[in-house]
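> Could you put the whole structure together from the sequences, leaning on the hints where they help?
Listed in order, the protein sequences are those of chains A and B.
Residue numbering for the first sequence follows this note's numbering, starting at 1 and increasing by one per position.
Residue numbering for the second sequence follows this note's numbering, starting at 1 and increasing by one per position.
Just so you know, the hints here were simulated from the structure itself, not pulled from any lab data.
In this text, a Cβ means the ideal position worked out from N, Cα and C, and glycines have one as well.
Hints may contain errors.
[As the list claims (entries may be wrong)] Label pairs and their computed distance ranges (CB to CB):
1. B:59 / A:146: 24 to 34 Å
2. B:183 / A:193: 45 to 55 Å
3. B:183 / A:440: 54 to 64 Å
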Amino acid sequence: MSIALFQPIDIVLIIIAFWLTLGLLSPFSHRSVGPVTRWVMPASALASGALLAAGLFALAQPPETAILPLGLPGLPFHLRLDPLSAFFLVLEGGSSFGISLYSAGYFQQMKPRQLGILSLEYHLFLASMALIFLADDAYLFMVAWELMALSSYFLVTTDHEVGEIRAAGYLYLLIAHIGALGILLCFGVLHGTHGDYTFDSMRAATQTPFWATVAFLLALFGFGAKAGMLPLHVWLPEAHPAAPSPVSALMSGIMLKTAIYGLLRVTFDLLHIQIWWWGALTLGLGLLSALFGVLFAAVQTDMKRLLAYSSIENIGIILVGVGLTILFHAYDMGLLAALALAATLYHALNHAFFKGLLFLGTGSVLHATGERNLGRLGGLIHRMPWVAVLSLVGVLAMAGLPPLNGFVSEWLMLQAFLLTPSVPHAYLNMMVPIAAGALVLASATAAYVLVKFYGIVFLGQPREPRLEHAHDAGWWERAGLAWLALGCILLGLFPVFVIIALDNVTQSLVAQGLAASASAHGWFFLTPVSPARASYSPVFFLGVVLLVVVLTFLAVRRFYHGRLRRDAPWDCGFPAQNARMQDTAEGFGQPIRQIFEPAFKMTRQLPSAFDEHPHYAVSVADRFWYALYAPIARLAERISGLIGLIQHGRIHLYLLYSFGTLLLLLFFVR
Amino acid sequence: MVAPLSSQLINLFAALLLLIAFAMLSQRRVLSLINLYALQGLVLALSTATVAYSTHQEHLYYSAGLTLFLKVLLLPWILHRLIRRLNIKWDVETLINIPTTMLLGIVLVIMAFNVALPISQMAGTFTRATLGIATASVLLSFLMMITRRKAVPQVIGFLSMENGLFFAATSATYGMPMVVELGIALDVLVGTVILGIFFFQIREAFDSLELRHLERLRED
Numbered sequence: 001m002s003i004a005l006f007q008p009i010d011i012v013l014i015i016i017a018f019w020l021t022l023g024l025l026s027p028f029s030h031r032s033v034g035p036v037t038r039w040v041m042p043a044s045a046l047a048s049g050a051l052l053a054a055g056l057f058a059l060a061q062p063p064e065t066a067i068l069p070l071g072l073p074g075l076p077f078h079l080r081l082d083p084l085s086a087f088f089l090v091l092e093g094g095s096s097f098g099i100s101l102y103s104a105g106y107f108q109q110m111k112p113r114q115l116g117i118l119s120l121e122y123h124l125f126l127a128s129m130a131l132i133f134l135a136d137d138a139y140l141f142m143v144a145w146e147l148m149a150l151s152s153y154f155l156v157t158t159d160h161e162v163g164e165i166r167a168a169g170y171l172y173l174l175i176a177h178i179g180a181l182g183i184l185l186c187f188g189v190l191h192g193t194h195g196d197y198t199f200d201s202m203r204a205a206t207q208t209p210f211w212a213t214v215a216f217l218l219a220l221f222g223f224g225a226k227a228g229m230l231p232l233h234v235w236l237p238e239a240h241p242a243a244p245s246p247v248s249a250l251m252s253g254i255m256l257k258t259a260i261y262g263l264l265r266v267t268f269d270l271l272h273i274q275i276w277w278w279g280a281l282t283l284g285l286g287l288l289s290a291l292f293g294v295l296f297a298a299v300q301t302d303m304k305r306l307l308a309y310s311s312i313e314n315i316g317i318i319l320v321g322v323g324l325t326i327l328f329h330a331y332d333m334g335l336l337a338a339l340a341l342a343a344t345l346y347h348a349l350n351h352a353f354f355k356g357l358l359f360l361g362t363g364s365v366l367h368a369t370g371e372r373n374l375g376r377l378g379g380l381i382h383r384m385p386w387v388a389v390l391s392l393v394g395v396l397a398m399a400g401l402p403p404l405n406g407f408v409s410e411w412l413m414l415q416a417f418l419l420t421p422s423v424p425h426a427y428l429n430m431m432v433p434i435a436a437g438a439l440v441l442a443s444a445t446a447a448y449v450l451v452k453f454y455g456i457v458f459l460g461q462p463r464e465p466r467l468e469h470a471h472d473a474g475w476w477e478r479a480g481l482a483w484l485a486l487g488c489i490l491l492g493l494f495p496v497f498v499i500i501a502l503d504n505v506t507q508s509l510v511a512q513g514l515a516a517s518a519s520a521h522g523w524f525f526l527t528p529v530s531p532a533r534a535s536y537s538p539v540f541f542l543g544v545v546l547l548v549v550v551l552t553f554l555a556v557r558r559f560y561h562g563r564l565r566r567d568a569p570w571d572c573g574f575p576a577q578n579a580r581m582q583d584t585a586e587g588f589g590q591p592i593r594q595i596f597e598p599a600f601k602m603t604r605q606l607p608s609a610f611d612e613h614p615h616y617a618v619s620v621a622d623r624f625w626y627a628l629y630a631p632i633a634r635l636a637e638r639i640s641g642l643i644g645l646i647q648h649g650r651i652h653l654y655l656l657y658s659f660g661t662l663l664l665l666l667f668f669v670r
Numbered sequence: 001m002v003a004p005l006s007s008q009l010i011n012l013f014a015a016l017l018l019l020i021a022f023a024m025l026s027q028r029r030v031l032s033l034i035n036l037y038a039l040q041g042l043v044l045a046l047s048t049a050t051v052a053y054s055t056h057q058e059h060l061y062y063s064a065g066l067t068l069f070l071k072v073l074l075l076p077w078i079l080h081r082l083i084r085r086l087n088i089k090w091d092v093e094t095l096i097n098i099p100t101t102m103l104l105g106i107v108l109v110i111m112a113f114n115v116a117l118p119i120s121q122m123a124g125t126f127t128r129a130t131l132g133i134a135t136a137s138v139l140l141s142f143l144m145m146i147t148r149r150k151a152v153p154q155v156i157g158f159l160s161m162e163n164g165l166f167f168a169a170t171s172a173t174y175g176m177p178m179v180v181e182l183g184i185a186l187d188v189l190v191g192t193v194i195l196g197i198f199f200f201q202i203r204e205a206f207d208s209l210e211l212r213h214l215e216r217l218r219e220d
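What follows is the structure in structure tokens.
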């Protein structure tokens with residue numbers, strides 16, 4: 001079946017071409033921002049909506065292929081749209097629809113020339129990510145991958161006048177390229193010495209377990225660097241805060257998922273065997289990333305850095321799911337592998353929505369107040385009710401509270417964990433409960449982090465007088481936020497439909513679907529494995545929550561109001577409550593800093609008791625930076641110093657070097 | 001045994017190529033250097049056309065045409081214009097005096113022939129005897145780049161090195177694939193244009209095209 005004229009793959013290609021056209025046209029509007037914000041961004045959002053629809057349609061279709069006669073002569077681009085690609089296209093379309101709508105309002109204050117360039121990079125970025133999902137040969141994949149890395153680098157360094165932002169961009173580019181090298185080598189191993197670089201011939205090739213392991217480890221390294229997996233995460237907390245907020249939302253929401261896509265594609269599609277300890281390794285690294293991310297998020301005082309660390313946490317959770325899937329699949333436990341995979345993909349989709357929503361929310365706060373430091377915000381719920389309420393949805397979703405979407409995927413993940421004791425491996429059976437405990441710790445701490453985030457930014461009293469003049473977001477921005485919030489709510493309320501839609505993906509990757517068992521009790525109850533084990537009904541839950549709220553409200557009104565009320569005559573030592581009495585971001589994170597002290601590299605500046613103007617400062621640094629990255633940087637510097645010895649600055653000597661090399665080589669060839 | 005006419009022609013062209021390489025090495029004037037470069041290109045085009053005619057390799061005709069257009073007409077024209085605009089009147093200065101350079105060149109030619117011997121025995125083409133000459137002209141051009149002090153002769157040395165490479169490719173394997181050849185031709189053109197721009201920049205910064213001034217750019 002097809003839509004009258006076009007296959008979904010054609011529609012996706014048209015959307016990509018449309019994005020590229022929009023991008024190439026934008027720099028021409030260098031007089032005013034109007035053309036870009038009023039026409040280009042909304043048109044781009046429409047294209048995202050079309051991508052969402054095409055992806056949803058393609059999810060239920062068998063794979064389609066196409067060949068684009070571009071690229072080098074004799075080396076065309078191969079494209080393929082299968083359910084896995086379709087799912088990630090849905091993720092991209094759904095998330096970027098909201099982000100582009102938001103951008104139409106957000107960028108109105110930018111300089112026209114700068115905005116034109118930004119819009120070009122923005123659309124290149126979107127198009128390259130869609131191309132990654134479509135690529136069916138290593139060649140196109142790498143081209144799109146590099147295009148994505150470069151366009152996002154230029155997006156990150158939009159404010160390149162600031163030295164720190166240039167440094168952040170450089171770090172990002174460096175790690176992106178080291179990762180790309182890993183991916184390239186991985187494709188080299190998969191290619192072996194036979195066939196060509198299409199994914200089809202890689203699927204057909206069989207690898208020995210040794211080379212398969214090499215390929216997997218290279219893929220884990222390469223894609224891990226892009227995803228922000230420990231210990232390759234250092235670029236993430238630098239690059240996300242440096243970029244403009246909609247770009248952070250795109251990077252965190254969609255770009256990190258391209259790495260997950262690549263890892264799944266290589267592990268389950270291109271490699272024909274999976275070995276159990278790959279799963280254990282991925283699981284371990286995922287757990288470490290999740291714990292590390294959430295602990296560091298708890299001690300941040302910059303809104304966007306906090307969210308960036310929380311992205312590391314969520315990527316960690318997703319990697320845990322990937323690890324579990326590999327584990328179950330290697331032991332041939334189809335239904336459980338399907339459950340873990342569904343949970344992974346579900347969480348990836350949820351993260352794209354709620355993290356996008358929160359990054360956009362911080363963008364609005366940043367615009368309204370010019371402030372990213374949590375210590376100078378507060379009380380914004382009165383000035384920015386729209387942003388506050390919509391962000392609350394994202395915060396609750398990310399904290400994993402039912403009936404929103406974050407809960408469903410984390411619950412599914414835990415279900416997968418609880419079923420692990422059936423794995424035929426004694427040590428694994430012992431380790432898994434610990435891993436499950438660590439995952440729960442990470443999710444609970446995430447909730448703590450979000451209470452801090454929301455409470456300090458939106459609740460209480462403004463910590464600075466100028467926050468009184470903060471204004472709410474404009475209509476475009478509200479529309480973008482509302483779309484993402486709606487996504488969080490719908491994904492949370494109707495999980496059974498999502499699981500059914502994911503059926504084809506899990507079928508194609510682990511040869512087992514979840515639709516039949518998940519919808520055994522209709523769309524109302526989600527029953528992942530069997531109704532006897534566990535079931536969850538978000539609609540029912542929402543009903544109960546609403547009922548309790550309404551009853552409490554009525555009861556309070558009925559019994560409390562109207563009674564005699566007393567007021568304390570002397571206010572009990574609080575004659576006037578001011579902003580400085582509130583808990584600060586540092587104060588709120590203090591218990592976490594205390595409990596997990598060994599995890600942080602802290603430098604504290606405590607005032608002495610006799611100081612007239614006491615000043616307290618604490619800074620938390622990443623131990624990985626000092627233990628892993630700094631030695632490598634020093635080594636590189638020393639080696640470059642040695643090479644500098646032969647640098648004389650005389651062009652004739654340089655020519656002589658190559659002349660000597662040439663003569664030497666000629667003698668060797670003999 | 002008398003070799004067929006085409007083979008004799010190829011050998012003649014090869015000898016001419018080597019002669020021109022030596023002439024360039026000993027040439028003191030920039031203008032004559034450019035003319036010699038154009039002449040070298042012409043010989044190269046003729047020899048490629050001869051190979052094409054005698055082996056019926058269609059694509060070599062295109063190569064010959066490309067060489068003729070690019071290396072005999074376009075690049076010399078660009079270089080002529082460049083030195084007119086730069087107003088270069090002076091003679092070429094060398095680091096080592098010219099007789100010594102020539103002696104070094106002879107040593108290089110002997111070495112090139114020795115080095116090329118095993119390769120030309122492997123090659124199955126009837127032009128294989130000229131591989132030594134091709135290698136020699138690459139090395140001679142390289143020597144020219146090393147011994148010249150000004151920027152323009154260095155660029156000409158670079159371009160004539162590419163000529164030697166091209167000749168080596170024709171004589172060893174009847175030319176490279178068309179795609180590669182086109183790519184190299186484009187590279188040479190772009191390289192010349194970029195270097196031309198650099199000349200202006202260098203002169204603007206240092207008031208001279210002497211490369212010795214660039215040594216100051218080294219970071220200590």
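> Taking the CB of residue 59 (chain B) and the CB of residue 146 (chain A), does the distance hold inside 24 to 34 Å?
Since the Cβ atoms of residue 59 (chain B) and residue 146 (chain A) sit about 32 Å apart, the hinted range of 24 to 34 Å holds.
> Residue 183 (chain B) and residue 193 (chain A), beta-carbon distance inside 45 to 55 Å?
violated, 26 Å
> Does the Cβ pair residue 183 (chain B), residue 440 (chain A) satisfy 54 to 64 Å?
Since residue 183 (chain B) and residue 440 (chain A) have Cβ atoms about 58 Å apart, the given range 54 to 64 Å holds.
Of the numbered hints listed earlier, the single one contradicted by the structure is hint 2.
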